[in-house]
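Visitor: One-letter residues, chain by chain:
2 protein chains.
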Amino acid sequence: MEISKQSIIEAHERINAYVHRTPVLTSESINTISGCSIFFKCENLQKVGAFKARGAMNAALQIPESDRSKGIATHSSGNHAQAIARAGKILGIPAYIVMPSNAPQIKKDGVKGYGGQIFECEPTLQARETTLADVIAKTGATEIHPFNNYHVMIGQATAARELFEEVSELDYLLAPVGGGGLLSGTLIAAKYFSPQTKVIAGEPEGADDAYRSMQSGKIELSQSNTIADGLLTTLGDKTFPIIKENVERVITVSDAEIVSAMRLIWERMKIIIEPSAAVTFAALLKDKASFQGKKAGIILSGGNVDLEKALKLFTK
Amino acid sequence: MEISKQSIIEAHERINAYVHRTPVLTSESINTISGCSIFFKCENLQKVGAFKARGAMNAALQIPESDRSKGIATHSSGNHAQAIARAGKILGIPAYIVMPSNAPQIKKDGVKGYGGQIFECEPTLQARETTLADVIAKTGATEIHPFNNYHVMIGQATAARELFEEVSELDYLLAPVGGGGLLSGTLIAAKYFSPQTKVIAGEPEGADDAYRSMQSGKIELSQSNTIADGLLTTLGDKTFPIIKENVERVITVSDAEIVSAMRLIWERMKIIIEPSAAVTFAALLKDKASFQGKKAGIILSGGNVDLEKALKLFTK
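Just so you know, the sequences run in chain order A and B. Position 283 (the first sequence) corresponds to 283 in this note's numbering; numbering is contiguous. Position 34 (the second sequence) corresponds to 34 in this note's numbering; numbering is contiguous.
No false leads were slipped in.
Since copy identity is lost for identical chains, a pair holds within one copy or between any two.
EDC-like, lysine to aspartate or glutamate: derived pairs with alpha carbons at most 20 Å apart:
1. K112 - E28
2. K138 - E65
3. K312 - E267
4. K112 - E267
5. K191 - E166
6. K108 - E28
7. K191 - E165
No wet-lab data here; the hints were simulated from the structure. Because the structure is a prediction, the values reported are computed rather than measured.
The following block holds chain A by itself, in its conformation from the complex:
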């Protein structure tokens, strides 16, 4: 499927009333450290604390009225789970969330806080998928996949579009890559709204499937050996072709580099980002020379992190 410019514009209008227009922040000291001029699109300050609110809302609003009342469903232990629960609450429809039994209590509480109905399962992909299939068979709910869904990808594209509206002539735009929903959305937004901007992905070394997929030309499986817990997923058959065709490059970074970049953003910018959101800034710092004197956008994807855990990362 070819995603059209118009579809992004329409998605933006569709979700406008339900999501924040997040601020674009800059920091002199971060620019000095980086040797370039960085514009941070703060999706950590988005509803549910992550860009996921955009795609979930867009997808939910695209379900025909007749089906919508039966609810929406997904399997996720992360930010997408809360975003789906929130979309259900806003639309007054059931939201069914399949979560692994070992999901952190704070994530479960987040989903429950939005009135989402949790179905626990064994912590394997297979268990998650069969449990979700069961729930859908019983309820008639519509699945909204976290990233391998065009409406979700188009919803995520609106973050980059807002950045392009506020900051012109970006040389680069960096987005993290997990399953590729945000990255592919960012790529199509750049294609239509700022074609001169090169889009670069940041990825943890311990889950570098996108990097390897770009090299091999086919979807490689992800490992999960990183603190960036939002980026453990493998690319999907809808996201990979867009990434393959459009991404400039994928830069991988170590967990130590992620923590150090994360700390810099906390300290210098006074905002809280989760490890997955620090991957892009870590990538830029790792290859400073490439960005020297340039104008770069960074999408800070989320801010959902346990404070004690994060502060302990800093004091290690």
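The hints should help you fit chain B onto chain A, whose structure is shown.
Guide: For chain B alone, coordinates are given in the frame of chain A:
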């Protein structure tokens, strides 16, 4: 001295190129917890991490050219010190900062990072004042007091003005009170730009001199028995009259209430605020009934806090 509406408008234009127009953020979950609708003016995301950048810049720009080249000077161990150092750097003039010898290294580094010249002294008010007088006698620099200075107060007033430009019909606006620079600036901004808005001060119980001064009708001395280290100062003879005449009330809060409010803002809003900045939200939470269903602004004054120290506060 009567501060005019025009003087605030002019200050705003004067400092515009040198400070951030900080975002105004809202949070559904914070609103649910509070029972009212809160608009946070995020001066923690301001240059130097605090509103102090506004007043310092306005005051420095008001010094006649002939004197300006001799530099600017102040005694401060906090955010004002960095703001003065930064103003000096921007204007290409010396900035002399008298700091107590026990000031945290991080604060000294901040001042040095902006090229400020530090003069250490004993940690008493008298030592600070005599050292500053010496520096001024030797250099001919102009003193910029942290709060007891009309140009500083007018500069701080621009934060509230921006909030009023973006959010109309606020029933309340809360600002913290230490020496009273931000509070008096906020009061005069409300008077001219949103007269229906009642301004309320938040103050730590362990430094409740403003509360006591309002009761006695004269300036009472501050104690320093609180973690809100930006609010330890006593009101000045220029700030107190404005506060006395215009403030609706002063709400005092305990350190436990400050930490709890601070944590809520970190967790729910994904932004970092220092204890002094949490005092206002703590005050609102303490007297929820008064704000029920209302529209309230809160000026989050700063975000300069040592991360390790913050972790200890949260895990106590």
